[in-house]
Amino acid sequence: MSEVQRRKYSQEEKNAIFDGEFMPHIDSMYNFGYRLTFDEDDAKDLVQDTYLKAYRFINSFEQGTNAKAWLFRILKNSFINEYRKKSKQPTKVDYQEVETYYNSDDVHYQSTSDLRAESVKDMLGDEISNALNSLAVDFRTVIILCDLEGFTYEEMAKILDIPIGTVRSRLHRARNLLKEKLQGYAQNMGYNTDVDEENIE
Amino acid sequence: MEMNDNPTGERKTKCSDESKCFELLESILDGELQDSGKEVLKDKLAKCQPCFEHYHLEQAIRDVLKTKCTKQAVPTELADLIRRQIQDIK
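From first to last, the protein sequence lines are chains P and W.
With the first letter of the first sequence counted as 1, position 21 gets the number 21 in the numbering used here; the numbers rise by one all the way through.
With the first letter of the second sequence counted as 1, position 50 gets the number 50 in the numbering used here; the numbers rise by one all the way through.
Read the hints as simulated data drawn from the structure, not as lab findings.
Do not rely on the hints blindly, as some may be mistaken.
Derived lysine-lysine pairs resembling DSS-like cross-links, with alpha carbons at most 30 Å apart [as the list claims (entries may be wrong)]: (1) W:Lys-68 / P:Lys-121; (2) P:Lys-44 / P:Lys-14; (3) W:Lys-66 / P:Lys-44.
Incomplete in silico selection of chain P near chain W, CB under 10 Å [to be verified]: (4) Asp-19; (5) Tyr-30; (6) Arg-35.
It should be emphasised that the depicted structure is a prediction, and the values quoted were computed from it without experimental measurement.
We put the CB at the ideal spot given by N, CA and C, even for glycine.
Using the sequences and the hints, build the whole thing.
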């Protein structure tokens with residue numbers, strides 16, 4: 001069957017797909033939008049925009065394929081094409097604060113032995129969240145897609161339009177950067193790390 | 001160190017190919033290497049201390065990300081707003 005000449009869905013089918021396959025992902029979509037923009041209104045706009053586009057182009061969605069990945073791809077493209085262009089100012093919220101934490105001294109991530117699983121388990125939601133939010137958007141995105149939303153590398157490759165090898169290496173780099181941030185928190189908060197006591201002011 | 005369950009004794013303290021091993025462990029945690037991954041994992045965790053620690057650290061980070069970064073409350077009116085807009089373009 002030709003992929004280009006897709007069938008057209010009837011109104012009933014459209015409604016069923018929209019309600020049954022698209023709307024259940026609204027929580028994940030909003031969370032993704034919020035973590036991209038750090039702004040509730042912008043996240044709402046992005047999600048709305050994504051759902052309108054999804055409805056408009058519903059005939060190019062193949063029923064039975066991964067609706068969540070399809071929606072995430074639209075949201076990611078909307079963010080890149082529209083939101084990023086119109087937003088000239090740097091991202092708001094705790095970004096600045098988090099950045100100053102790490103700019104003073106170079107915290108080169110070298111080995112996991114400096115950061116302990118136990119310290120990570122003890123961290124508060126805000127610390128984890130701030131560490132994630134402080135990553136550059138490309139790195140943040142792969143962690144969100146993989147660790148928060150559970151997409152496979154193959155799905156991520158399609159959502160992001162990059163090869164699987166790039167997904168893997170970008171994730172690896174993103175995780176190292178995240179660990180640097182967490183390590184910074186752990187040291188500043190006096191958690192047990194191998195280099196404790198040195199950096200506490 | 002917790003769970004030192006290696007029956008043959010000490011794990012090696014240096015990993016000969018850390019960055020490659022760590023990337024592999026991350027792929028296993030991500031569920032990308034199904035059955036073959038389990039054997040590799042078992043072997044690495046039993047024999048190599050840096051790999052053992054890296055694996056548990058990565059797992060802890062995934063757990064906290066999943067439990068602490070996915071609870072952004074969706075505005076209650078958002079779903080209704082979307083449905084109304086869809087009605088308009090139908």
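Cross-check of the supplied hints:
1. W:Lys-68 / P:Lys-121: The given pair, whose Cα atoms are some 11 Å apart, holds under the 30 Å limit.
2. P:Lys-44 / P:Lys-14: holds, 23 Å
3. W:Lys-66 / P:Lys-44: Roughly 22 Å separates the two Cα atoms, so the pair holds.
4. Asp-19: Asp-19 (chain P) check passes; min Cβ-Cβ to chain W is 9 Å, inside 10 Å.
5. Tyr-30: Hint on Tyr-30 (chain P): holds, closest Cβ of chain W at ~4 Å, below 10 Å.
6. Arg-35: With a minimum Cβ separation of about 7 Å from chain W (threshold 10 Å), the hint on Arg-35 (chain P) holds.
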